[in-house]
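Chains as they are written, first to last, in our numbering: chain C, 1 to 250; chain B, 1 to 319.
Any given hint might turn out to be false.
What the hints assert, rightly or not - Distance ranges between label pairs, derived from CB positions:
id	chain 1	residue 1	chain 2	residue 2	range
1	B	Tyr-291	C	His-119	51 to 59 Å
2	C	Gln-8	B	Ala-95	33 to 41 Å
3	B	Met-313	C	Glu-228	40 to 48 Å
4	B	Thr-185	C	Glu-178	28 to 36 Å
By construction, these hints were calculated from the structure, which means they are not laboratory data. Beta carbons are placed, not taken as given, at the ideal position from N, Cα and C, and that holds for glycine.
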Amino acid sequence: METQVIIQTTGLTKRYGHQAAVDHLDFKVMEGEIFGFLGPNGAGKTTTLLMLLGLSRPTEGTATVWGLDPERKAMEVKKIVGYLPENVGFYGDMNAVQSLRYIADLNRITGREAEDRIHEALKLVGLAENGAKKVSAFSRGMRQRLGIAEVLLKEPKVMFLDEPTLGLDPDGAVRLIELIQSLNQERKITVLLSSHHLQQVQKISHRVGIMIKGRMVAEGSIDALAREKFGVGEEKFTLEEIYMKYFQEV
Amino acid sequence: MSGLSAVYRKELSDNFSSFRFVILFALIAMVSFIISYMAGVSLRENLEGIAKPKFVFLMLFGTKGALFSLVDFIAIFGPLIGLVLGFDAINGERAHGTLVKLVSQPIYRDAVINGKFLAGATTIAVLVISIVLVISGFGLTLVGVVPGVEEILRLAVYVGISIFYISFWLGLSILFSIAFRSVATSFLASVALWIFLSFFVSLGASVLADSIAPVEKKEGAAPETVVANAQIKEGVSLLSPMFLYSNATATIVDPMRKTTRSLILMGPMEQISSSRFQNPLSLGQSLVVVYPHLVALIAISLICFAVSYSMFMMQEIRT
């Protein structure tokens, strides 16, 4: 089985003044996998995602997404990458369908096709009944689902999900994680998932990367990381224990 | 332009459906009605029994009724329309967390700011044109004169300058919405600048002129100092967009005005001869008179937009 590298960074660095938010970051994401992008708050995860989208300019180093340089080919990258920002916002006076229609419009998807895709995306994320409801009346879980629906509209090859489970109740988080897994399996979308719900991440991630203070301190399958740190395989240790171990060492 | 039309359409429909726009429009329409009514009534009284002078129709826009003319009104309160339409353009999106989502779509970043500016300018155009049309219709029935071709052309020029002028304020408030993270700060900052440029600059101009070239009121002052005083005053006033606009438009809607200078030194004989040969200027000549004002107005608008454009393109998108 041949898997392709979808995202690769080499020596990717972003400095704000003297402070390095991302410090010579190297990592890879393979085609079709769910990559758990872990790390404490302020580790530089969001900055990395913005650089991968071409929304922020790296101070040093390079990144490629689907073989494209996001700095030079930002448009092409943004066409194939769906990004769900942390605390995604919506225009409160629009309803779900209007909100999606605006995103479709921005992606130059119009007419019949737009309506079909909007309908399908709403159904996929389980909001088919709420299309005419104002977004301001949505619960947090519904907003995250709508955010994912917006991402799905452009039929992305890659999704960057930045803390999609933040602030969700346990049930909502589990359902969202299941949705992400089904999208990965059924639609073959590569997912870069940043989350603090380590238990859920462990359930669905093929590989994880742990980013601390701008550096990737560990990258690989959970099993491999467990073996590296504890000498025993995944079955004995949870991702949380592995994560804490790395965290304490830095 | 990738994404420009999508942003433009969305912003335009937002502008027209937002509540603040409805309030603003109602207020401005109301005041315009009152002004044109007052101007119309006073015109009708003044014109009773005398031969109609030329360009009566334009007087509807330039005649001071009880308080001020429509031209004055737009000069003073027009900026508020621009400010209200633009003060939260960028930082509002930031505050709602929609800006990152917007620019992560396959659109160019400048489509966001261009789309917002163009939608605002379109809204302003619709507002100004409809107000002028309403007053024209109102005036037609009140005064009972039909505008000539020249008057219509002058009105068109007036509308064009007004749209440009209000769009300048729109650009300024968009600039503040980029520079300040908080919506309240950007609104206060733009209102403060509006007050400063509109009211304090002219005050400062006379203070400066009087301290550099004081004119004694009691005995007849030397003509040179009077001229110097007036020149300084006007030079400083050119900083104020309101001054530029009201001078330019007053000349456009009043063909009898031959100069934008407030002070002309004339001997008694000259005064008699000039009043005997009072003929209106042609539109082209009026435009020549206000040409410097128009250029200055366009220049500050372009500078303002260029600054906000480059600022937005360089800015980190992250809050």
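A quick look at each hint next to the structure:
1. Range check, Tyr-291 (chain B) to His-119 (chain C): Cβ separation about 57 Å, and the 51 to 59 Å hint holds.
2. Range check, Gln-8 (chain C) to Ala-95 (chain B): about 35 Å between beta-carbon atoms, so the 33 to 41 Å window is met.
3. In this structure the hint that Met-313 (chain B) and Glu-228 (chain C) lie 40 to 48 Å apart at CB holds, the actual value being about 44 Å.
4. The hinted window of 28 to 36 Å between Thr-185 (chain B) and Glu-178 (chain C) is violated, with their beta carbons roughly 43 Å apart.
When each numbered hint is compared with the structure, a violation occurs for hint 4 only.
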